[in-house]
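2 protein chains.
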Amino acid sequence: MNNEFIKQETNVTGEGYLPGLAIDTVIFGFHDDKLKVLILSYKDTSLYALPGGFVHTEEDVNEAARRVLFSRTGLTNIFLDQFYVFGDKSRYDASSLKTIMKARGFTPPEDHWLLKRFVSVGYYALVDFTKAIPTPDSISDSCDWFSLDKLPPLMQDHRQIIDKALQTLQANLDHKLIGFNLLSDDFTMGDLQRLYETVLNKKLIRAAFQRKMLGLGILERIAKKWTGGAHKAPYLYRFIARD
Amino acid sequence: MNNEFIKQETNVTGEGYLPGLAIDTVIFGFHDDKLKVLILSYKDTSLYALPGGFVHTEEDVNEAARRVLFSRTGLTNIFLDQFYVFGDKSRYDASSLKTIMKARGFTPPEDHWLLKRFVSVGYYALVDFTKAIPTPDSISDSCDWFSLDKLPPLMQDHRQIIDKALQTLQANLDHKLIGFNLLSDDFTMGDLQRLYETVLNKKLIRAAFQRKMLGLGILERIAKKWTGGAHKAPYLYRFIARD
Chain A
1 MNNEFIKQET NVTGEGYLPG LAIDTVIFGF HDDKLKVLIL SYKDTSLYAL PGGFVHTEED
61 VNEAARRVLF SRTGLTNIFL DQFYVFGDKS RYDASSLKTI MKARGFTPPE DHWLLKRFVS
121 VGYYALVDFT KAIPTPDSIS DSCDWFSLDK LPPLMQDHRQ IIDKALQTLQ ANLDHKLIGF
181 NLLSDDFTMG DLQRLYETVL NKKLIRAAFQ RKMLGLGILE RIAKKWTGGA HKAPYLYRFI
241 ARD
Chain B
1 MNNEFIKQET NVTGEGYLPG LAIDTVIFGF HDDKLKVLIL SYKDTSLYAL PGGFVHTEED
61 VNEAARRVLF SRTGLTNIFL DQFYVFGDKS RYDASSLKTI MKARGFTPPE DHWLLKRFVS
121 VGYYALVDFT KAIPTPDSIS DSCDWFSLDK LPPLMQDHRQ IIDKALQTLQ ANLDHKLIGF
181 NLLSDDFTMG DLQRLYETVL NKKLIRAAFQ RKMLGLGILE RIAKKWTGGA HKAPYLYRFI
241 ARD
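As you go down the protein sequences, you meet chains A and B in turn. Counting from 1, position 46 in the first sequence corresponds to residue 46 in UniProt numbering; the numbering is continuous, with no gaps. Counting from 1, position 147 in the second sequence corresponds to residue 147 in UniProt numbering; the numbering is continuous, with no gaps.
Hints in this document: simulated from the structure, not taken from any laboratory. Just so we're clear, the structure is a prediction, and the values are computed from it rather than from any experiment. Just so you know, not all the hints are guaranteed correct.
For chains that are exact copies, the list does not tell them apart, and a pair is met inside one copy or across any two.
[Stated by the list, open to error] Derived pair list, reagent style SDA-like, types lysine to any residue, alpha-carbon separation capped at 20 Å:
{"id": "1", "residue 1": "K89", "residue 2": "E15"}
{"id": "2", "residue 1": "K176", "residue 2": "P19"}
{"id": "3", "residue 1": "K89", "residue 2": "E58"}
{"id": "4", "residue 1": "K89", "residue 2": "R66"}
{"id": "5", "residue 1": "K232", "residue 2": "L177"}
{"id": "6", "residue 1": "K150", "residue 2": "L114"}
{"id": "7", "residue 1": "K89", "residue 2": "E59"}
{"id": "8", "residue 1": "K164", "residue 2": "S147"}
{"id": "9", "residue 1": "K212", "residue 2": "V12"}
{"id": "10", "residue 1": "K116", "residue 2": "D33"}
{"id": "11", "residue 1": "K116", "residue 2": "N62"}
{"id": "12", "residue 1": "K212", "residue 2": "D174"}
{"id": "13", "residue 1": "K116", "residue 2": "G190"}
{"id": "14", "residue 1": "K150", "residue 2": "E197"}
{"id": "15", "residue 1": "K116", "residue 2": "T13"}
{"id": "16", "residue 1": "K150", "residue 2": "D191"}
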């Protein structure tokens, strides 16, 4: 893990970074029929936050998002997309940034670049929970999965950022078929239905759901899941990526 | 129309504005079975551009987008939404900004804030062509509708911004039902189908389209369109806004 934040706090003018622009990432996972989000907690503070960071002057914003995600969580090669710009003037709260720096023994000057107004580009990521092993960076105590219904109090407007990311995930589940990024490579129709039901927060009719999914022509049936018994073993499916 | 740009160019440090953050708006209209976009041309240059601007330090980014749209085009009260952040480092091209300022008799210093790297938040707007009467601001010669298939060469990455806005419009036509913003209050099923066909750039089957639209439960049938003849006069519909 890098120590980019340490460079950022002693770099009081923000040299080498785009001023006033942040990145926040909402990383969704799916486990035990719950939708989960990855949350960092900052050392020696009671602050919980989304993994976030800043953009280098010599870097594309989308590139910065991938770098931030990797440096804060160790995750790479995952579905990651912009979903909204959080730009209300009321959103920025310098006090939490001061708390984080002070907990590290650094008292920032009042005109420190990190204490100014920031606009944040929200990204959401979808990961296969079974493959993602998040690891915290050097300024974080932990990097943990929290169920959406059991989130800790989050700093700044991070709770609203998660809510907006969830709305985007719900809206894109059908028309961009992004939900498959949350499943293992092989899954049963039941796994897929539980994912949809969890994200959309409503029950779906099994026959209609199965008909719809198979009708999309994007699933390959690979084998029966071995359950020990002979009967009623469910088929396994695999997503066929489309252009 | 305001003269905000004049204040911006003589304000060489960008005092009062968020640094490095721009707004660009893609304003779609629909007329004569063509999808159109509103383009400004800058006085005494051969530069064509999307209506755009910057964010005041005491203003929400979404608020700034409405102000920019109104000040550059005179349009207000229309569907306006964020769709993407254009943040590649290669996108910014200071030369076009220099040309615009020089055409106005102002030679900017090399460290002028407008010549630095900018990240732009893209917004798209959908207007009822029959009601929108765009009026150019003081630094623009004209503010005109161009068909998507007959766009002039545009400055910076504005052509890519339009392409991405069109993709968003296509993707959201069905699931957000935003297309109705492009029609007059009352329309025939034929008007609606031609809009969908134009945006999606494909022919649709009339019976299936009508069944789908009526099945959504969002259309109110109001009266027969008077055509002079007695037979085959099409029904007029109105969109019932939903929560």
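Quick rundown of the hints versus the structure:
no.: 1; hint: K89 to E15; result: between (23 Å within a copy, 16 Å between copies)
no.: 2; hint: K176 to P19; result: neither (33 Å within a copy, 34 Å between copies)
no.: 3; hint: K89 to E58; result: between (26 Å within a copy, 7 Å between copies)
no.: 4; hint: K89 to R66; result: between (26 Å within a copy, 15 Å between copies)
no.: 5; hint: K232 to L177; result: neither (27 Å within a copy, 41 Å between copies)
no.: 6; hint: K150 to L114; result: neither (29 Å within a copy, 45 Å between copies)
no.: 7; hint: K89 to E59; result: between (25 Å within a copy, 6 Å between copies)
no.: 8; hint: K164 to S147; result: within (16 Å within a copy, 34 Å between copies)
no.: 9; hint: K212 to V12; result: neither (55 Å within a copy, 58 Å between copies)
no.: 10; hint: K116 to D33; result: neither (40 Å within a copy, 48 Å between copies)
no.: 11; hint: K116 to N62; result: between (22 Å within a copy, 19 Å between copies)
no.: 12; hint: K212 to D174; result: both (10 Å within a copy, 17 Å between copies)
no.: 13; hint: K116 to G190; result: neither (48 Å within a copy, 53 Å between copies)
no.: 14; hint: K150 to E197; result: within (18 Å within a copy, 45 Å between copies)
no.: 15; hint: K116 to T13; result: both (11 Å within a copy, 17 Å between copies)
no.: 16; hint: K150 to D191; result: neither (22 Å within a copy, 48 Å between copies)
In this structure, the hints that do not hold are numbers 2, 5, 6, 9, 10, 13 and 16, in rising order.
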